[in-house]
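Mind docking chain V on chain H? Use the hints.
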Amino acid sequence: MAFTRTFMQLRPILAALGRHKVATLLIVLQVALTLAVASNALFIVATRIVHLSRPTGTDEARIFVIRNDWKSGQNAAQLDANIRADLVALRHVSGVRDAFSSEAFPLEGGGGIPVGLKLKSDQTTRPKLSLVYLADDHAIDTLGTLLVAGRNFRPDEITAIGPYDKMSAPVIIITRILANKLFPDGSALGRTVYLPDGPTTIIGILASLQGPYAGSTTRSIDEDSVLFPARYLDPEGVVYLVRTHSTSVKPAISAALKALHERGDERLIDPKEGVITLPQARERGYATDRSVSLLMSALCGLLLMATAGGIVGLSSFWVSQRRRQIGIRRSLGATAGDILRYFHAENFLIVSGGIVLGVVLAFLANLALMRIYELPRMPLYVPLLGALLLWLLGQLAVWGPARYAARVPPVVAIRSE
Amino acid sequence: MWGYYVTLALRSSLRSKALTALVIALLAFGVAACMVSYAVFRATTSDPIPAKSSRLYVPQIDNFGPSPYGDEPPDTLSYTDAIALWRARKASRQTLIFVTKWGVESDNRLIPAMSMSGDAVTADFFAMFDVPFRFGGGWTPNDDTEQATVAVISRRLNEKFFSGQNSVGHEIRLDGKIFRIIGVLDDWNPKPRFFDVSANGRLNAFDDVGDIYIPFTRAIDMKKASRYNNCPSYSTYSEGSGVSSWDKYLRSECVWIDAWVELATPADVERYREYLRNYAGEQQRIGRFSWPPNVRLRKLTDWLAHERVSPKASNLSMLVSASFLLIVLVNVVGLMLARFMRRAPEIGIRRALGASRAAIYRQFLVEGATIGLVGGLCGVVLTLLGLWGIGGFFEPTIARLVHADASLIVLTVLLAMAATVISALYPTWRAAQTQPAWQIKIN
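Listed in order, the protein sequences are those of chains H and V. Numbered according to this note's numbering, the first sequence spans residues 72 to 488. Numbered according to this note's numbering, the second sequence spans residues 690 to 1132.
Next comes chain H alone, as it looks inside the complex:
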């Protein structure tokens, strides 16, 4: 009933709008621009949030990292002995569950060794790029990731390599995602692949493990990680990843640092930057993504408020201009509800016009943005959600002026102003 009465008003609404072409056009344009900008901005926010909440596949809350720089003058054998002794010391610190040494850590934002894996030794096509963590038999337990197939490294399989040594090892462990990329038929376990310097056998498959390039642009290989059984003999330094028993890692950190310092002073651990927990690394690694999403959300909020404000302003103006006409309609039998519905229907029509234009603009803007930033194509439901939001916003904004209009008494029809 109410619907049909609203529908009956469409013709007079259109006629009335025809008399205010410019003002109508301005609201349409405003709604369209708002929809185009807001849906793109919110889409960027959504992709950022998805990006920055990706799990690393590790027990992040209980892991911290010590960046251990070496004082100079130590040869490879001394470095190796130091790392082994440090690891033993770290694993005996109270509160520490396990530890291993590597060259990089998850969420570091760089540092991992990129390595091409070939399926055949004489392969001439591009090898599959993946990211290596140097690791040992304690790595899986320290990271807290799950070995879904195969076995862990054995202690006797762990070697030591320097930064300029050949990358070769008899065995490696890879993530399930990398395994499926290399062998889509699921037969990766036990297969031979080729590192740059020789063949190796895949002996284990991890549930998941993110590479060290958290916030950067290597998105497509972020999950393609390899555990390589070696200690890293870089004369500059090494990183120790340590997993604690409890989530309050602070006591374990100071105990671990104390244990390392008691081991000897051939090391330099920066007092400020030397120790970082994975939650801290996450915050730092995704700082840019977080600031993008915060900014875009804030601007979107302002934008929607501005549009709502504009609708309120123009609707009030229209109501005040049409007081006389409203009075005439009321005295000819229109109810207050009819007047209310008239303005809501009018707003719905105008906003709909803006939405049609806005959806087109939104996709054009998305195409333009895709050229400048790495951004996926916007799915249709994003502007549709935006449209829903704007319809709602429009109805809410016009509610006040419409109620004011509905309260216009019939007597104004005969009263001259």
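It is possible that some hints are incorrect.
Far from chain V by the CB rule (all over 12 Å, computed), these chain H residues [as the list claims (entries may be wrong)]:
#1 R82
#2 D151
#3 A156
#4 H163
#5 D208
#6 T348
#7 G408
#8 H415
#9 V430
#10 L451
#11 Q466
#12 R474
#13 R478
Each pair of labels, with its calculated beta carbon distance range [as the list claims (entries may be wrong)]:
#14 G471/H to V1070/V: 22 to 30 Å
#15 E761/V to H332/H: 40 to 48 Å
#16 A1041/V to A439/H: 49 to 57 Å
#17 G865/V to D341/H: 15 to 23 Å
#18 A816/V to F254/H: 54 to 62 Å
#19 A439/H to A1047/V: 36 to 44 Å
#20 T696/V to V482/H: 33 to 41 Å
#21 P1085/V to A148/H: 35 to 43 Å
#22 S325/H to D897/V: 21 to 29 Å
Just so you know, the hints here were simulated from the structure itself, not pulled from any lab data. From the three backbone atoms N, C-alpha and C, an ideal C-beta is built for every residue, glycine too.
Relative to chain H, chain V alone:
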């Protein structure tokens, strides 16, 4: 007359308080969003060395070969190419740079050893980048060839180790090796840290500069490789790309050295570009490259744009804020239209009493400008608030660069006024079309 128009504007504003307040609030928010974004944009895209930037160029040589990712040469040079360019001395000045990290100790036992970073550079570095010295100076090209154990340290390190005294001639140990201090820098912290931006990574482009500078050749002799190397193990298909010794590493096609040349005139630039092409052509002739010369020579500002140094968040917020302002303007046009049309009777009477169309134009444009001024002043307050809270949106390294100054405030007010006057143009035109007789008759 102008004062009268302003009075009229204020009086009419008082009559429709809500509408006026709405216009002012919209303007203030729109302008403030734009100006806060602009302040960040300005800070992150500023020229780090305005006096010289037009003469500083980055040479690039493609030693990786064609790749499916496009034909852009690597950002840094291999040791082979870097040394060749440096030895050729085809520019008036040239420098090679890579980032190094050192264990630093002094004779003072009270000061614990610490890990500090800096750059290995060649002699021209200091003159090329106008690096200011507090004590002493840089080293000579001769020191470069002799791999001298000399070091230039930052003022900060000098404060820490020598309590700010002139330490030229003193010794410090870098990685256990004794270096003679030859110069102490004065405060120098270009933003962005442009000179080693490709090796250091664009995420670190707004970090402070390092504390230790030593001759490039000395650092090579000490095998201080840059940790930020990029080897073509996966972009070429050659066997045994893993580099197994330092000498092989130096001879490899791994790229890790930033190179800069100083070229004074466009003719010099053209000559140098020609030289790069010839060099790459020569490499092709001797069989090192199997592809035609692919070189670039980019000016500093182009280089920073190419490296996308300015943070994505800043560019995006600039874009969205500008759209926000545009939407606000459309909004303001509508509201101004409402405001002016409501005063049709007043216009009619003014016209009937002899006001010309031009007078109506003047009156309403002044009214627009007045509202714009008030909006702009409110915008200044919001901009300052926004800049005060900028740390909540941007990382500390970027937030600390952003500041308000007189030009920003003046610009805020001007932008608001210009925006309002432009949005008032159409409503004013409509107002000026008012037929005096018609308006007087119906009232």
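Results of checking the hints against the structure:
1. The Cβ of R82/H lies farther than 12 Å from every Cβ of chain V, with a closest approach of about 24 Å, so its non-interface assignment holds.
2. Against chain V, the non-interface label of D151/H holds: every CB pair exceeds 12 Å, the least being about 17 Å.
3. Every CB of chain V lies more than 12 Å from the CB of A156/H, the least distance being 20 Å, so the non-interface label holds.
4. Even its closest Cβ contact with chain V, about 26 Å, leaves H163/H beyond 12 Å, as expected for a residue assigned away from the interface.
5. No Cβ of chain V comes within 12 Å of the Cβ of D208/H; the nearest lies about 24 Å off, and the non-interface call holds.
6. Here T348/H stays apart from chain V, with its beta-carbon at least about 18 Å from theirs, past the 12 Å limit.
7. Its beta-carbon lying about 26 Å from the closest one in chain V, G408/H satisfies the requirement of being farther than 12 Å from that chain.
8. Remark: the non-interface label on H415/H is consistent with the geometry, its nearest Cβ contact in chain V lying 19 Å away (cut-off 12 Å).
9. Residue placement check: V430/H keeps its beta carbon more than 12 Å from all beta carbons of chain V (closest about 16 Å).
10. Under the 12 Å C-beta cut-off, the non-interface status given to L451/H relative to chain V holds; the minimum distance is some 21 Å.
11. Every CB of chain V lies more than 12 Å from the CB of Q466/H, the least distance being 18 Å, so the non-interface label holds.
12. Non-interface call for R474/H relative to chain V: holds, since the shortest CB-CB distance, roughly 15 Å, exceeds 12 Å.
13. A cut-off of 12 Å between C-beta atoms confirms that R478/H is not in contact with chain V; the least separation is 17 Å.
14. Between G471/H and V1070/V the C-beta distance comes to about 27 Å, which sits within the given range of 22 to 30 Å.
15. For the pair E761/V and H332/H, the beta carbons lie near 47 Å from each other, so the given range of 40 to 48 Å is met.
16. Checked against the hint of 49 to 57 Å, the pair A1041/V and A439/H passes, with Cβ atoms roughly 51 Å apart.
17. In this structure the supplied range 15 to 23 Å holds for G865/V paired with D341/H, their Cβ-Cβ distance being about 18 Å.
18. With their beta carbons about 57 Å apart, A816/V and F254/H fall inside the hinted range of 54 to 62 Å.
19. At roughly 42 Å, the beta-carbon separation of A439/H and A1047/V lies within the given 36 to 44 Å, and the hint holds.
20. T696/V and V482/H have their C-beta atoms about 36 Å apart, which keeps the hinted 33 to 41 Å range intact.
21. In this structure the hint that P1085/V and A148/H lie 35 to 43 Å apart at CB holds, the actual value being about 42 Å.
22. For S325/H paired with D897/V, a C-beta distance near 28 Å keeps the hint of 21 to 29 Å intact.
No hint from the list above goes unmet by this structure.
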